[in-house]
Amino acid sequence: MDYHNFHGKNIPHIEVNPDMKIDDLVEIYASSGYNARQLGEAAKLFRKMIEDDATICLTIAGAMTPVGFGGLFKALIEKGFVDWIISTGSNLYHEDHFAWNLPVKQGHFEVDDMILYQKDIVRIRDVYIKGEETLKKQDTIVQKMFENNLFEKPFTTAEFANWMGKYSKEHSTHPERSFVVSAYDYDVPLYISTLKDSSLALDLAPLRLANKPFSVDFVREIIEQAAILYNSKKAGIVEIGGGVPKNTAQQTGPLLDQILGLGHGGQNYIIQITDARPDTGGLSGATLQEGKSWGKVKDSHEDVIVVYADATIAFPVLCLYALSMEGPRKPKRLYKKLDQYYQNLSETYFSKAKK
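Just so you know, my numbering puts 166 at position 160 of the sequence shown, and the rest follows in order with no gaps.
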(Lines of atoms letter the chains of each structure in order from A and count residues from 1; the text may use other names and numbers.)
(Lines give C-alpha, C1' and ligand atoms only; values in the text may rest on other atoms or scores of the structure.)
Protein backbone atom coordinates (compact mmCIF):
# COMPACT_ATOMS: atom_id res chain seq x y z
CA MET A 1 0.00 0.00 0.00
CA ASP A 2 1.27 3.47 -0.90
CA TYR A 3 1.15 5.75 2.12
CA HIS A 4 2.84 8.68 0.37
CA ASN A 5 -0.35 10.63 -0.32
CA PHE A 6 -2.59 12.89 1.73
CA HIS A 7 -5.50 10.58 2.34
CA GLY A 8 -6.87 8.48 5.18
CA LYS A 9 -9.40 8.81 7.96
CA ASN A 10 -9.85 12.21 9.53
CA ILE A 11 -8.47 12.50 13.04
CA PRO A 12 -11.50 13.09 15.30
CA HIS A 13 -11.74 15.59 18.10
CA ILE A 14 -12.14 12.84 20.68
CA GLU A 15 -15.05 12.86 23.05
CA VAL A 16 -15.70 10.49 25.94
CA ASN A 17 -18.83 9.89 27.97
CA PRO A 18 -19.81 7.73 30.97
CA ASP A 19 -21.77 5.26 28.81
CA MET A 20 -18.86 4.22 26.62
CA LYS A 21 -17.87 0.55 26.35
CA ILE A 22 -14.66 -1.24 25.45
CA ASP A 23 -15.48 -1.22 21.72
CA ASP A 24 -15.92 2.54 21.90
CA LEU A 25 -12.54 2.88 23.58
CA VAL A 26 -10.88 0.70 20.95
CA GLU A 27 -12.44 2.88 18.23
CA ILE A 28 -10.98 5.96 19.93
CA TYR A 29 -7.57 4.34 19.99
CA ALA A 30 -7.78 3.14 16.39
CA SER A 31 -8.89 6.59 15.18
CA SER A 32 -6.05 8.48 16.87
CA GLY A 33 -2.30 8.12 16.42
CA TYR A 34 0.96 6.77 17.82
CA ASN A 35 0.74 3.61 19.93
CA ALA A 36 -2.89 4.26 20.84
CA ARG A 37 -3.68 3.71 17.16
CA GLN A 38 -1.47 0.62 17.09
CA LEU A 39 -3.29 -0.81 20.10
CA GLY A 40 -6.69 -0.13 18.58
CA GLU A 41 -5.68 -1.76 15.30
CA ALA A 42 -4.09 -4.70 17.14
CA ALA A 43 -7.33 -5.30 19.05
CA LYS A 44 -9.21 -5.38 15.75
CA LEU A 45 -6.63 -7.71 14.23
CA PHE A 46 -7.00 -10.12 17.15
CA ARG A 47 -10.74 -10.11 16.50
CA LYS A 48 -10.06 -10.81 12.81
CA MET A 49 -7.91 -13.82 13.76
CA ILE A 50 -10.77 -15.17 15.85
CA GLU A 51 -13.38 -14.62 13.12
CA ASP A 52 -11.13 -16.23 10.50
CA ASP A 53 -10.88 -19.28 12.78
CA ALA A 54 -7.10 -18.97 12.71
CA THR A 55 -4.97 -21.23 14.87
CA ILE A 56 -3.78 -18.72 17.47
CA CYS A 57 -0.57 -19.01 19.46
CA LEU A 58 -0.01 -16.89 22.57
CA THR A 59 3.61 -16.25 23.55
CA ILE A 60 4.39 -15.06 27.06
CA ALA A 61 7.67 -13.43 28.04
CA GLY A 62 8.34 -11.30 31.08
CA ALA A 63 6.83 -11.73 34.53
CA MET A 64 3.14 -11.75 33.65
CA THR A 65 1.69 -14.27 36.11
CA PRO A 66 3.11 -12.64 39.26
CA VAL A 67 0.81 -9.67 38.54
CA GLY A 68 -2.19 -11.95 38.05
CA PHE A 69 -2.34 -12.11 34.25
CA GLY A 70 -2.82 -15.86 34.37
CA GLY A 71 -6.51 -15.04 34.80
CA LEU A 72 -6.52 -13.33 31.39
CA PHE A 73 -4.80 -16.28 29.74
CA LYS A 74 -7.32 -18.61 31.37
CA ALA A 75 -10.25 -16.59 30.00
CA LEU A 76 -8.86 -16.65 26.45
CA ILE A 77 -8.24 -20.40 26.61
CA GLU A 78 -11.74 -21.12 27.88
CA LYS A 79 -13.35 -18.89 25.21
CA GLY A 80 -11.41 -20.76 22.51
CA PHE A 81 -9.36 -17.72 21.52
CA VAL A 82 -5.95 -19.31 22.23
CA ASP A 83 -5.10 -22.68 20.70
CA TRP A 84 -1.50 -23.16 21.84
CA ILE A 85 0.98 -21.31 24.04
CA ILE A 86 4.72 -20.78 24.32
CA SER A 87 5.81 -19.36 27.68
CA THR A 88 8.85 -18.92 29.83
CA GLY A 89 9.07 -21.44 32.66
CA SER A 90 8.86 -18.73 35.29
CA ASN A 91 5.32 -17.83 34.25
CA LEU A 92 4.14 -21.39 34.92
CA TYR A 93 6.06 -21.58 38.18
CA HIS A 94 4.59 -18.36 39.56
CA GLU A 95 1.10 -19.15 38.25
CA ASP A 96 1.08 -22.22 40.45
CA HIS A 97 1.30 -20.02 43.56
CA PHE A 98 -2.32 -18.98 42.97
CA ALA A 99 -3.56 -22.54 42.48
CA TRP A 100 -1.91 -23.64 45.73
CA ASN A 101 -2.92 -20.48 47.64
CA LEU A 102 0.67 -19.40 48.30
CA PRO A 103 1.00 -15.69 49.15
CA VAL A 104 1.90 -13.09 46.53
CA LYS A 105 1.41 -9.46 47.54
CA GLN A 106 1.69 -5.91 46.30
CA GLY A 107 4.83 -4.32 47.66
CA HIS A 108 6.82 -1.31 46.49
CA PHE A 109 9.76 -0.54 44.21
CA GLU A 110 11.35 2.18 46.36
CA VAL A 111 12.89 -0.16 48.92
CA ASP A 112 16.20 -1.32 50.37
CA ASP A 113 16.71 -4.82 48.99
CA MET A 114 19.22 -5.61 51.73
CA ILE A 115 16.36 -5.29 54.23
CA LEU A 116 13.97 -7.33 52.07
CA TYR A 117 16.57 -10.08 51.86
CA GLN A 118 16.87 -10.17 55.63
CA LYS A 119 13.07 -10.46 55.87
CA ASP A 120 12.96 -13.33 53.38
CA ILE A 121 11.07 -11.29 50.78
CA VAL A 122 11.89 -11.50 47.08
CA ARG A 123 10.50 -8.90 44.73
CA ILE A 124 9.67 -8.51 41.08
CA ARG A 125 9.55 -4.73 40.75
CA ASP A 126 6.70 -3.95 43.18
CA VAL A 127 5.40 -7.50 43.70
CA TYR A 128 6.50 -9.31 46.87
CA ILE A 129 6.86 -13.09 47.23
CA LYS A 130 7.89 -14.82 50.45
CA GLY A 131 10.88 -17.13 50.29
CA GLU A 132 9.87 -19.75 52.85
CA GLU A 133 6.07 -19.48 52.66
CA THR A 134 5.79 -19.32 48.88
CA LEU A 135 8.93 -20.24 46.92
CA LYS A 136 10.12 -23.13 49.07
CA LYS A 137 6.62 -24.54 49.38
CA GLN A 138 6.25 -24.26 45.62
CA ASP A 139 9.57 -26.03 45.12
CA THR A 140 8.37 -28.91 47.27
CA ILE A 141 5.15 -29.12 45.24
CA VAL A 142 7.00 -29.22 41.92
CA GLN A 143 9.38 -31.89 43.18
CA LYS A 144 6.41 -33.95 44.35
CA MET A 145 4.82 -33.54 40.91
CA PHE A 146 7.76 -35.06 39.11
CA GLU A 147 9.28 -37.48 41.58
CA ASN A 148 7.68 -40.41 39.75
CA ASN A 149 6.98 -38.93 36.33
CA LEU A 150 8.73 -38.11 33.03
CA PHE A 151 12.22 -39.35 33.94
CA GLU A 152 12.02 -42.74 32.22
CA LYS A 153 12.05 -41.46 28.62
CA PRO A 154 12.52 -38.17 26.72
CA PHE A 155 9.57 -35.77 26.90
CA THR A 156 8.50 -32.49 25.36
CA THR A 157 7.81 -29.41 27.45
CA ALA A 158 4.18 -29.66 26.34
CA GLU A 159 4.04 -33.03 28.10
CA PHE A 160 5.74 -31.47 31.12
CA ALA A 161 3.20 -28.63 31.31
CA ASN A 162 0.29 -30.98 30.65
CA TRP A 163 1.33 -33.05 33.67
CA MET A 164 1.61 -29.87 35.75
CA GLY A 165 -1.94 -28.96 34.79
CA LYS A 166 -3.25 -32.43 35.57
CA TYR A 167 -1.50 -32.57 38.94
CA SER A 168 -2.63 -29.10 40.00
CA LYS A 169 -6.19 -29.84 38.92
CA GLU A 170 -6.29 -32.99 41.05
CA HIS A 171 -4.35 -31.81 44.10
CA SER A 172 -4.25 -28.01 44.44
CA THR A 173 -6.64 -26.04 46.62
CA HIS A 174 -7.71 -23.62 43.87
CA PRO A 175 -7.29 -25.22 40.40
CA GLU A 176 -9.65 -22.59 39.00
CA ARG A 177 -6.87 -20.03 39.55
CA SER A 178 -4.50 -21.60 37.04
CA PHE A 179 -4.27 -21.10 33.28
CA VAL A 180 -2.02 -24.20 33.27
CA VAL A 181 -5.00 -26.22 34.52
CA SER A 182 -7.21 -24.64 31.86
CA ALA A 183 -4.65 -25.56 29.19
CA TYR A 184 -4.86 -29.14 30.45
CA ASP A 185 -8.67 -29.10 30.47
CA TYR A 186 -8.94 -27.69 26.94
CA ASP A 187 -6.04 -29.67 25.43
CA VAL A 188 -4.07 -26.51 24.68
CA PRO A 189 -0.40 -27.41 24.10
CA LEU A 190 1.68 -25.32 26.49
CA TYR A 191 5.36 -25.28 25.54
CA ILE A 192 8.04 -23.93 27.87
CA SER A 193 10.62 -22.24 25.69
CA THR A 194 13.14 -21.82 28.50
CA LEU A 195 12.58 -24.73 30.86
CA LYS A 196 16.15 -24.91 32.09
CA ASP A 197 16.16 -21.16 32.71
CA SER A 198 13.53 -21.28 35.44
CA SER A 199 12.78 -22.60 38.91
CA LEU A 200 10.91 -25.50 37.32
CA ALA A 201 14.23 -26.92 36.16
CA LEU A 202 16.00 -26.01 39.39
CA ASP A 203 13.40 -28.04 41.24
CA LEU A 204 14.37 -31.12 39.23
CA ALA A 205 17.96 -30.92 40.47
CA PRO A 206 17.41 -32.89 43.72
CA LEU A 207 15.59 -35.57 41.71
CA ARG A 208 18.44 -35.73 39.21
CA LEU A 209 20.93 -36.13 42.05
CA ALA A 210 18.79 -39.09 43.12
CA ASN A 211 19.53 -40.65 39.71
CA LYS A 212 16.29 -39.67 38.01
CA PRO A 213 17.36 -38.25 34.63
CA PHE A 214 15.12 -35.76 32.82
CA SER A 215 15.62 -35.46 29.08
CA VAL A 216 13.72 -32.93 26.98
CA ASP A 217 13.13 -33.97 23.37
CA PHE A 218 13.52 -30.41 22.12
CA VAL A 219 13.81 -31.42 18.47
CA ARG A 220 10.48 -33.22 18.54
CA GLU A 221 8.78 -30.23 20.06
CA ILE A 222 10.03 -27.77 17.44
CA ILE A 223 8.74 -30.20 14.82
CA GLU A 224 5.39 -30.35 16.62
CA GLN A 225 5.23 -26.55 16.66
CA ALA A 226 5.96 -26.37 12.93
CA ALA A 227 3.40 -29.12 12.35
CA ILE A 228 0.73 -27.05 14.08
CA LEU A 229 1.44 -24.23 11.63
CA TYR A 230 1.58 -26.59 8.65
CA ASN A 231 -1.77 -28.17 9.55
CA SER A 232 -3.53 -24.81 10.01
CA LYS A 233 -5.54 -23.15 7.25
CA LYS A 234 -4.64 -19.79 8.80
CA ALA A 235 -2.37 -19.08 11.75
CA GLY A 236 -1.42 -16.16 13.93
CA ILE A 237 0.55 -15.20 17.03
CA VAL A 238 -0.18 -12.78 19.86
CA GLU A 239 3.15 -11.98 21.48
CA ILE A 240 3.52 -10.54 24.96
CA GLY A 241 7.05 -9.19 25.00
CA GLY A 242 9.65 -10.89 22.85
CA GLY A 243 12.57 -13.10 23.80
CA VAL A 244 12.72 -16.83 23.28
CA PRO A 245 8.92 -17.38 23.22
CA LYS A 246 8.61 -14.94 20.31
CA ASN A 247 11.34 -16.59 18.31
CA THR A 248 10.14 -20.11 19.10
CA ALA A 249 6.74 -19.32 17.59
CA GLN A 250 8.11 -17.42 14.61
CA GLN A 251 10.82 -19.93 13.69
CA THR A 252 8.11 -22.40 12.62
CA GLY A 253 8.08 -20.77 9.17
CA PRO A 254 11.84 -21.05 8.56
CA LEU A 255 11.79 -24.67 9.76
CA LEU A 256 9.11 -25.54 7.23
CA ASP A 257 10.73 -23.64 4.37
CA GLN A 258 14.48 -23.26 4.91
CA ILE A 259 15.10 -26.64 6.54
CA LEU A 260 12.32 -28.92 5.30
CA GLY A 261 11.79 -27.22 1.94
CA LEU A 262 7.99 -27.26 2.11
CA GLY A 263 7.39 -23.71 0.89
CA HIS A 264 4.85 -22.71 3.51
CA GLY A 265 5.54 -19.01 4.03
CA GLY A 266 4.95 -18.55 7.76
CA GLN A 267 2.22 -16.92 9.84
CA ASN A 268 -0.77 -15.04 8.44
CA TYR A 269 -0.98 -12.60 11.35
CA ILE A 270 1.24 -11.45 14.21
CA ILE A 271 0.59 -8.95 17.00
CA GLN A 272 3.40 -8.00 19.37
CA ILE A 273 3.21 -5.87 22.51
CA THR A 274 6.72 -4.84 23.49
CA ASP A 275 8.92 -2.11 24.91
CA ALA A 276 12.05 -3.39 23.13
CA ARG A 277 13.82 -1.20 20.59
CA PRO A 278 14.29 -2.42 17.02
CA ASP A 279 17.64 -0.68 16.41
CA THR A 280 19.82 -2.76 18.74
CA GLY A 281 19.64 -5.96 16.71
CA GLY A 282 17.93 -8.05 19.38
CA LEU A 283 15.12 -10.44 18.49
CA SER A 284 12.78 -8.95 21.10
CA GLY A 285 12.77 -5.63 19.28
CA ALA A 286 13.04 -6.95 15.72
CA THR A 287 10.15 -5.66 13.65
CA LEU A 288 7.61 -8.14 12.39
CA GLN A 289 8.28 -6.81 8.89
CA GLU A 290 11.91 -7.91 9.24
CA GLY A 291 10.61 -11.40 9.92
CA LYS A 292 9.35 -11.57 6.32
CA SER A 293 12.95 -11.81 5.11
CA TRP A 294 13.23 -15.04 7.12
CA GLY A 295 9.89 -16.44 6.00
CA LYS A 296 8.34 -16.01 9.44
CA VAL A 297 5.28 -14.16 8.16
CA LYS A 298 3.47 -14.34 4.83
CA ASP A 299 3.04 -10.60 4.25
CA SER A 300 5.15 -7.78 5.65
CA HIS A 301 2.60 -5.12 4.68
CA GLU A 302 -0.63 -6.39 6.19
CA ASP A 303 -1.81 -8.05 9.40
CA VAL A 304 1.42 -7.47 11.36
CA ILE A 305 1.19 -4.89 14.15
CA VAL A 306 3.62 -3.93 16.91
CA VAL A 307 2.33 -2.01 19.91
CA TYR A 308 5.14 -0.27 21.76
CA ALA A 309 3.69 -0.30 25.25
CA ASP A 310 3.83 -1.92 28.65
CA ALA A 311 2.01 -5.22 28.19
CA THR A 312 0.40 -4.91 31.62
CA ILE A 313 -1.43 -1.85 30.27
CA ALA A 314 -2.13 -2.87 26.68
CA PHE A 315 -2.88 -6.60 26.88
CA PRO A 316 -6.02 -6.31 29.08
CA VAL A 317 -7.53 -3.96 26.45
CA LEU A 318 -6.86 -6.55 23.75
CA CYS A 319 -8.42 -9.28 25.89
CA LEU A 320 -11.51 -7.38 27.00
CA TYR A 321 -12.25 -6.27 23.44
CA ALA A 322 -12.09 -9.82 22.10
CA LEU A 323 -14.04 -11.32 25.01
CA SER A 324 -16.72 -8.64 24.71
CA MET A 325 -17.13 -8.65 20.95
CA GLU A 326 -16.80 -12.33 20.01
CA GLY A 327 -18.74 -15.41 20.96
CA PRO A 328 -16.87 -18.53 22.06
CA ARG A 329 -15.05 -20.69 19.50
CA LYS A 330 -15.02 -24.45 19.56
CA PRO A 331 -11.71 -25.56 21.16
CA LYS A 332 -9.29 -27.02 18.62
CA ARG A 333 -7.81 -29.38 21.27
CA LEU A 334 -4.45 -29.48 19.52
CA TYR A 335 -2.69 -31.39 22.29
CA LYS A 336 -4.53 -34.54 21.30
CA LYS A 337 -3.65 -33.97 17.63
CA LEU A 338 0.11 -33.47 18.03
CA ASP A 339 1.07 -37.06 17.22
CA GLN A 340 -1.03 -37.03 14.04
CA TYR A 341 0.28 -33.60 13.01
CA TYR A 342 3.84 -34.81 13.55
CA GLN A 343 3.20 -37.92 11.45
CA ASN A 344 1.54 -35.90 8.67
CA LEU A 345 4.51 -33.55 8.49
CA SER A 346 6.95 -36.46 8.46
CA GLU A 347 5.13 -38.17 5.61
CA THR A 348 4.91 -34.95 3.62
CA TYR A 349 8.62 -34.24 4.08
CA PHE A 350 9.80 -37.69 3.03
CA SER A 351 7.32 -37.84 0.16
CA LYS A 352 8.64 -34.55 -1.21
CA ALA A 353 12.25 -35.60 -0.65
CA LYS A 354 11.78 -38.62 -2.94
CA LYS A 355 10.65 -36.48 -5.86
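Everything labelled a hint here was simulated from the structure, so no lab data went into it.
Yeah, the Cβ is synthetic: ideal placement off N, Cα and C, and Gly gets one too.
Possibly wrong hints are sitting among the right ones.
[Claimed, not checked] Computed list of lysine to aspartate or glutamate pairs in EDC-like fashion (alpha-carbon distance at most 20 angstroms, straight line):
(1) Lys336 to Glu84
(2) Lys343 to Glu84
(3) Lys175 to Asp191
(4) Lys136 to Glu84
(5) Lys85 to Asp145
(6) Lys85 to Glu182
(7) Lys150 to Glu138
(8) Lys342 to Asp223
(9) Lys150 to Asp132
(10) Lys111 to Asp145
[Said to hold, decoys possible] Across the chosen pairs, the derived CB separations fall in these ranges:
(11) Arg283 to Lys342: 38 to 44 angstroms
(12) Thr286 to Ile319: 21 to 27 angstroms
(13) His13 to Pro109: 51 to 57 angstroms
(14) Ser352 to Asn41: 27 to 33 angstroms
(15) Pro212 to Gly287: 26 to 32 angstroms
(16) Asn16 to Phe224: 49 to 55 angstroms
(17) Ile319 to Glu153: 36 to 42 angstroms
(18) Lys54 to Thr146: 26 to 32 angstroms
(19) Asp30 to Asp305: 47 to 53 angstroms
(20) Ala359 to Pro334: 39 to 45 angstroms
(21) Asn41 to Glu116: 25 to 31 angstroms
Checked hints:
1. Taking the CA atoms of Lys336 and Glu84, the gap is about 10 angstroms. The hint holds against a cut of 20 angstroms.
2. A hinted pair counts as satisfied when its Cα atoms are at most 20 angstroms apart, and Lys343 with Glu84 qualifies at roughly 18 angstroms.
3. A distance of roughly 9 angstroms separates the Cα atoms of Lys175 and Asp191; the hinted pair therefore holds under the 20 angstroms criterion.
4. The straight-line distance between the Cα atoms of Lys136 and Glu84 is roughly 31 angstroms, outside the 20 angstroms bound, and the hint therefore fails.
5. Distance restraint check for Lys85 and Asp145: the Cα-Cα separation of roughly 31 angstroms exceeds the 20 angstroms cut-off, and the hinted pair is therefore not satisfied.
6. Under the criterion of a C-alpha separation no larger than 20 angstroms, the hint pairing Lys85 with Glu182 is consistent with the structure, at around 15 angstroms.
7. Under the criterion of a C-alpha separation no larger than 20 angstroms, the hint pairing Lys150 with Glu138 is consistent with the structure, at around 17 angstroms.
8. Of the supplied pair hints, the one linking Lys342 and Asp223 holds, its CA atoms being roughly 18 angstroms apart against a limit of 20 angstroms.
9. With a C-alpha separation of about 30 angstroms, the suggested pair Lys150 and Asp132 falls outside the 20 angstroms cut-off, and the hint is violated.
10. Restraint check for Lys111 and Asp145: the C-alpha separation of about 19 angstroms stays at or below 20 angstroms, so the hint holds.
11. The supplied range of 38 to 44 angstroms is met by Arg283 and Lys342, whose beta-carbon atoms lie about 40 angstroms from each other.
12. At about 23 angstroms, the beta-carbon gap between Thr286 and Ile319 stays in the expected band of 21 to 27 angstroms.
13. Judged by the Cβ atoms, the range 51 to 57 angstroms given for His13 and Pro109 holds: they are separated by roughly 56 angstroms.
14. Judged by the Cβ atoms, the range 27 to 33 angstroms given for Ser352 and Asn41 is violated: they are separated by roughly 43 angstroms.
15. For Pro212 paired with Gly287, a C-beta distance near 39 angstroms fails the hint of 26 to 32 angstroms.
16. Distance hint for Asn16 and Phe224: a CB-CB separation of about 51 angstroms, consistent with the stated range 49 to 55 angstroms.
17. A hinted range of 36 to 42 angstroms for the beta carbons of Ile319 and Glu153 is consistent with their spacing of about 40 angstroms.
18. In this structure, Lys54 and Thr146 break the distance hint of 26 to 32 angstroms, their C-beta atoms being roughly 45 angstroms apart.
19. Distance hint check for Asp30 and Asp305: the Cβ-Cβ separation is about 30 angstroms, which falls outside the suggested range of 47 to 53 angstroms.
20. Between Ala359 and Pro334 the Cβ separation comes to about 41 angstroms, which falls inside the hinted range of 39 to 45 angstroms.
21. Under the hint 25 to 31 angstroms, the C-beta atoms of Asn41 and Glu116, about 27 angstroms apart, fit the expected range.
Checked against the numbered hints given earlier, this structure breaks hints 4, 5, 9, 14, 15, 18, 19; the rest are met.
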